[in-house]
Amino acid sequence: MKLSNKTPIILAVIALLALLVAALAPTGTTEIKFQAEGDLLPLPNIDVSVSAVTWTAAILLMLLTAYAWFRRLVQKRGSVAWLAPVFGVLFVLSILTTLYAGKTMTLTALLQGSLSLAVPLIFGSLAGVLSERVGVVNIAIEGQLLAGAFCSALVSSLSHSIWLGLITAGIAGALVAWVLAVFAIRYVVDQIIVGVVLNVLIMGITNFLFSTLMGGNLALFNSPPRFDTMPVPLLSQIPVLGPVLFVQTPIVYLMYLAVGLVWFFLFKTRWGLRVRAVGEYPKAADTVGIKVYRTRYISVMIGGSLAGIGGAFFTLGQVGAFGKEMTNGAGYIALAALIFGRWNPLYAALAALLFGFSENLQFGLAIIGSHVPSEFLLMLPYALTVIAVAGLVGKVTGPAASGKAYIKS
Amino acid sequence: MISKFLRGNIALSILAVLVSFVVGGILIALSDPTVQSSAAYFTARPTDLLSAIWNAVFGAYDALFRGSVFNYQAATPTGMIKPITETLAFATPITMAGLGLAVAFRSGLFNIGGTGQIIFGAIFAGWVGINVDLPWALHFPLAVLAGVFGGALFGSIVGVLKATTGANEVIVTIMFNYIAALLLSYFLKTPFLQAPHNINPISKPILDSAKYPAFLGPSFRLHAGVFAMLAAVAFVWWLLNRSTLGFQFRALGHNPSAARVAGINIGLNYVLVMAVSGALAGLAGTSQILGTEGSLTTGVAASFGFDAITVALLGRNNPFGVLAAGILFGGLRAGAVTMQASQGVPIDIVFIVQSMIVLFIAAPPLVRSIFRIRNKQEVAK
Numbered sequence: 002m003k004l005s006n007k008t009p010i011i012l013a014v015i016a017l018l019a020l021l022v023a024a025l026a027p028t029g030t031t032e033i034k035f036q037a038e039g040d041l042l043p044l045p046n047i048d049v050s051v052s053a054v055t056w057t058a059a060i061l062l063m064l065l066t067a068y069a070w071f072r073r074l075v076q077k078r079g080s081v082a083w084l085a086p087v088f089g090v091l092f093v094l095s096i097l098t099t100l101y102a103g104k105t106m107t108l109t110a111l112l113q114g115s116l117s118l119a120v121p122l123i124f125g126s127l128a129g130v131l132s133e134r135v136g137v138v139n140i141a142i143e144g145q146l147l148a149g150a151f152c153s154a155l156v157s158s159l160s161h162s163i164w165l166g167l168i169t170a171g172i173a174g175a176l177v178a179w180v181l182a183v184f185a186i187r188y189v190v191d192q193i194i195v196g197v198v199l200n201v202l203i204m205g206i207t208n209f210l211f212s213t214l215m216g217g218n219l220a221l222f223n224s225p226p227r228f229d230t231m232p233v234p235l236l237s238q239i240p241v242l243g244p245v246l247f248v249q250t251p252i253v254y255l256m257y258l259a260v261g262l263v264w265f266f267l268f269k270t271r272w273g274l275r276v277r278a279v280g281e282y283p284k285a286a287d288t289v290g291i292k293v294y295r296t297r298y299i300s301v302m303i304g305g306s307l308a309g310i311g312g313a314f315f316t317l318g319q320v321g322a323f324g325k326e327m328t329n330g331a332g333y334i335a336l337a338a339l340i341f342g343r344w345n346p347l348y349a350a351l352a353a354l355l356f357g358f359s360e361n362l363q364f365g366l367a368i369i370g371s372h373v374p375s376e377f378l379l380m381l382p383y384a385l386t387v388i389a390v391a392g393l394v395g396k397v398t399g400p401a402a403s404g405k406a407y408i409k410s
Numbered sequence: 210m211i212s213k214f215l216r217g218n219i220a221l222s223i224l225a226v227l228v229s230f231v232v233g234g235i236l237i238a239l240s241d242p243t244v245q246s247s248a249a250y251f252t253a254r255p256t257d258l259l260s261a262i263w264n265a266v267f268g269a270y271d272a273l274f275r276g277s278v279f280n281y282q283a284a285t286p287t288g289m290i291k292p293i294t295e296t297l298a299f300a301t302p303i304t305m306a307g308l309g310l311a312v313a314f315r316s317g318l319f320n321i322g323g324t325g326q327i328i329f330g331a332i333f334a335g336w337v338g339i340n341v342d343l344p345w346a347l348h349f350p351l352a353v354l355a356g357v358f359g360g361a362l363f364g365s366i367v368g369v370l371k372a373t374t375g376a377n378e379v380i381v382t383i384m385f386n387y388i389a390a391l392l393l394s395y396f397l398k399t400p401f402l403q404a405p406h407n408i409n410p411i412s413k414p415i416l417d418s419a420k421y422p423a424f425l426g427p428s429f430r431l432h433a434g435v436f437a438m439l440a441a442v443a444f445v446w447w448l449l450n451r452s453t454l455g456f457q458f459r460a461l462g463h464n465p466s467a468a469r470v471a472g473i474n475i476g477l478n479y480v481l482v483m484a485v486s487g488a489l490a491g492l493a494g495t496s497q498i499l500g501t502e503g504s505l506t507t508g509v510a511a512s513f514g515f516d517a518i519t520v521a522l523l524g525r526n527n528p529f530g531v532l533a534a535g536i537l538f539g540g541l542r543a544g545a546v547t548m549q550a551s552q553g554v555p556i557d558i559v560f561i562v563q564s565m566i567v568l569f570i571a572a573p574p575l576v577r578s579i580f581r582i583r584n585k586q587e588v589a590k
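So the protein sequences, as listed, match chains A and B. Take any residue in the first sequence, note its place counting from 1, add 1, and you have its number in this note's numbering. Take any residue in the second sequence, note its place counting from 1, add 209, and you have its number in this note's numbering.
Chain B with its partners taken away, still in its complex shape:
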């Protein structure tokens, strides 16, 4: 079932993105007040409507571009390049968690638990980042490792449950997402994580000695986590394509029965797959808590759990594809902020575009029928 996403080609992905942007444009146009008012006298002056639609859609997508790639309206050079760094700042956790899910999907496991694993990574990394006092060279790696371990631990519980009891990992991970969120909210109300003398559910700030270095200076949100992301991409590529473990994972994904006959320990591999997958999501958690956030709140995972699923699917579970898709969705997130601020288009348009992309990617025949592309396989028949 999952291997279905591995087939298909890049052209189809690009078309899916395109169609989704067109649908997004239609929604933007429909909700624009000028468009609505000029539609009322369409027959009298049709050009008014057309120009109103053009203004609404072009204005929105121009703002998206200015917010995510290059702001040509900014006064300073820093302001001009800031958008692209914002895009990368959003792309970092999304790509990391997306890589984790890609590993699971490739191995035939539907890990929907990105959110929970990010939260656990953030809890572990946050606790170490707040309560341990060490120089940066020791403290930072320790905090990152703690986060990776937290995610791996939470992920591997799912693997253990599946290996020992056959519990469906989809249901378990969905339920675990909620359990993790509630646990976090409980911890943030108790002295375990809550900042003293604070009534809000927020932790003490992370010590500077545990933070990803802000290598571009304090005016940028982008931090060294972006290099960790690139390292994670390389690691996942190596793991899946060059390592014995990765071979076993893929064998599991292709055909568990055949893998078993070939002497692969299925149960152990379920646990390992989920541990690796959770570890990468935990890494995404560290990028949030030790990089952009500064202190732990209930919103630490944002919508990155869902983003990770879509990124893994759009990137067709290939590490480089995931990176490209992660940067695309990072750009959408960053640009949507500007789009809302300058054009009044609600940020939720991103969710619509994003989910349309996945639906179109998941159903290649649908995209083919929109563009009237003949399927090569059908022609061959």
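Isolated chain A (complex conformation):
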């Protein structure tokens, strides 16, 4: 395997940037607030010196870069998995402290907001992983999210049962995925076209029904109950991370479970091996007796149901009502997360968290009156994805047969 110099070079560039930040950062202190409501052991706020944080981060980043070069040049090995995330967190921390110089940074709120924004992205990217790993490109994540959001609002309003709404959201997502699969597998239509068109179709249908059906009687059709937060005993008491991760609605716990299960089934079970075989080389899979079409249908539809549940998070988890086009492009960011996460459920979830963080940062910065334009924070997922597919940071290759129809001969 040819070793690439790209990763160490990129790391070196970022480390130099961090050095620049440290050199230019304003003097003063940033107050970091850890407190969240309902903490048993309230942590005191910490005042940190901006220059101390930025310089420490810069030095650590230099050391990590040196380590990456050492691995590359002396040990002749590639990069390690933990390096990039650690690198990213340190760099972001340095930037954040600089931006918040002289202000108070409510870390817990910042992280909580990021997770909320990331939940539908993570569900959506899992849908993409399951679909693309089996060889069907899923551009229709947006439509699956939207269908889930709409149906969950409608059904749980009518039935007054929040869980029935959640299940319906899963079914709705799976139905959209089924249509995608039928057109992609049975009618051998280009999967990208079907995906793009399905998104618009679902948008049209939900907008239409929102105006006609729901608009007629909002109280009856569009006032679903909302999930309450259910703190996990003990775990929710962990400082900082506890309130962020474990004082959440059941949908979020379902998401943790889904990420783990998708990873486990995909990489540790016979079923997952079959899915990946169909996505890489369907002909070979067919030859050894794996039912290519059936595997594709099942995997795409399981993915769709996950995206549907992710869509329910908008209505049952957050807003408490359906709104026109309320997914607002989350499906496309989920697609970006999936590519940036290299078709791996765990990395895709991490990428979605990063995107959620960058999206949420604009609100945090707006509060303190920072002048960083929110557009550039929002642009981050898209720009990173272009960089990733252009192969500037490592090589990103999807499943070999993804997007290709298989015609049994």
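Simulated from the structure, these hints should not be mistaken for lab results. Treat the hints loosely; a few may be bogus.
Unchecked claim - Computed beta-carbon distance windows for the label pairs:
(1) A/Thr270 with B/Asn464: 37 to 43 angstroms
(2) A/Ile299 with B/Asn464: 31 to 37 angstroms
(3) A/Ala384 with B/Ile579: 43 to 49 angstroms
(4) A/Val320 with B/Arg451: 36 to 42 angstroms
(5) A/Ser410 with B/Val232: 33 to 39 angstroms
(6) B/Asn464 with A/Ser410: 40 to 46 angstroms
(7) A/Ala384 with B/Pro574: 47 to 53 angstroms
(8) B/Thr453 with A/Thr270: 53 to 59 angstroms
(9) A/Ala384 with B/Phe251: 53 to 59 angstroms
(10) A/Val320 with B/Ile475: 45 to 51 angstroms
(11) B/Leu439 with A/Trp272: 53 to 59 angstroms
(12) B/Ala249 with A/Arg187: 34 to 40 angstroms
(13) B/Asn450 with A/Arg187: 32 to 38 angstroms
All figures in this text were calculated on a predicted structure; none of them were measured in a lab. Just so it is clear, CB atoms sit at the ideal spot from N, CA and C, and this is done for glycine as well.
Starting from the known structure of chain A, fit chain B onto it as the hints suggest.
Okay, now just chain B, sitting in the frame of chain A:
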């Protein structure tokens, strides 16, 4: 894969449009309050339901016709012919961008980036149209050229990325659509484009010297861009069918490996295809900003990026087909406004009908099975 859309025949396209309108009619009927209430006593008086359905569907499609072709209810002759000019006003940018996508599709490149390229065309044309002071004879062509260049530039970046790194153009163009929209929204908040002393994201008005002439007078939205559209149709036909470059494009679309063996520079052609495709989308941007809009806002691309994809597919990537499909969808857009105003049918019905058309077109076996048409190829087997 794309060549699949080139096969098939016109009859199938017409049937697809028909089926989609029927589905749209069903939705209109279902959402109509009179239909709903008379369905409750269907067994007692079934004729009530039938007439309610007829009224709802006929009323809606009649409004669609009045809004897009000829308004027989209007008091003045101007009011009567206004709908058809509205249709053409909508059809102009849709067809232009659709032609751009057709060129890309024919060359085997999936350009989903119509929206982004329209936005870039509008940014470039808008900047020139606002900030340059020249007589019309110079200013207008300059602004149009700037828009075409903006679209071509944004498109060709995708081509360069594909040629040099092999980046998948679908993913890149989708991401570029969002990047372009966010850039536009940033520019409209900064002095680069934002009108001074304005808190809304809107630019200064385009100078009259940069505008497409409103040759029918100020009461019509239709402008001379419609002639640019016709010229673009002729140009694309010439490019694809008569020029060497077009031959190379089509060779690329049929079989890139064979094209490479035949001595065609694949990488260069990727860039050229995307430049031409983006240029046409940029032209659509100029039709918006220098024709109908008057000043730049975040909504400049409207849904034309998606419309362009559907138009290219429905027109089977043939320039004349794209023109016909563009006028059809222009009519849908124009008519939907009247349909919403007079019948209360939400404008979103257009998106439903439009996407159904594409799904049916894309899957000929589905339409055949609905109408029980035997496939000639299958019979031959």
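Okay, the hints, checked on the actual structure:
no.: 1; hint: A/Thr270 with B/Asn464: 37 to 43 angstroms; result: holds, 40 angstroms
no.: 2; hint: A/Ile299 with B/Asn464: 31 to 37 angstroms; result: holds, 34 angstroms
no.: 3; hint: A/Ala384 with B/Ile579: 43 to 49 angstroms; result: holds, 44 angstroms
no.: 4; hint: A/Val320 with B/Arg451: 36 to 42 angstroms; result: violated, 56 angstroms
no.: 5; hint: A/Ser410 with B/Val232: 33 to 39 angstroms; result: holds, 34 angstroms
no.: 6; hint: B/Asn464 with A/Ser410: 40 to 46 angstroms; result: violated, 20 angstroms
no.: 7; hint: A/Ala384 with B/Pro574: 47 to 53 angstroms; result: violated, 41 angstroms
no.: 8; hint: B/Thr453 with A/Thr270: 53 to 59 angstroms; result: holds, 55 angstroms
no.: 9; hint: A/Ala384 with B/Phe251: 53 to 59 angstroms; result: holds, 57 angstroms
no.: 10; hint: A/Val320 with B/Ile475: 45 to 51 angstroms; result: holds, 49 angstroms
no.: 11; hint: B/Leu439 with A/Trp272: 53 to 59 angstroms; result: holds, 57 angstroms
no.: 12; hint: B/Ala249 with A/Arg187: 34 to 40 angstroms; result: holds, 39 angstroms
no.: 13; hint: B/Asn450 with A/Arg187: 32 to 38 angstroms; result: holds, 34 angstroms
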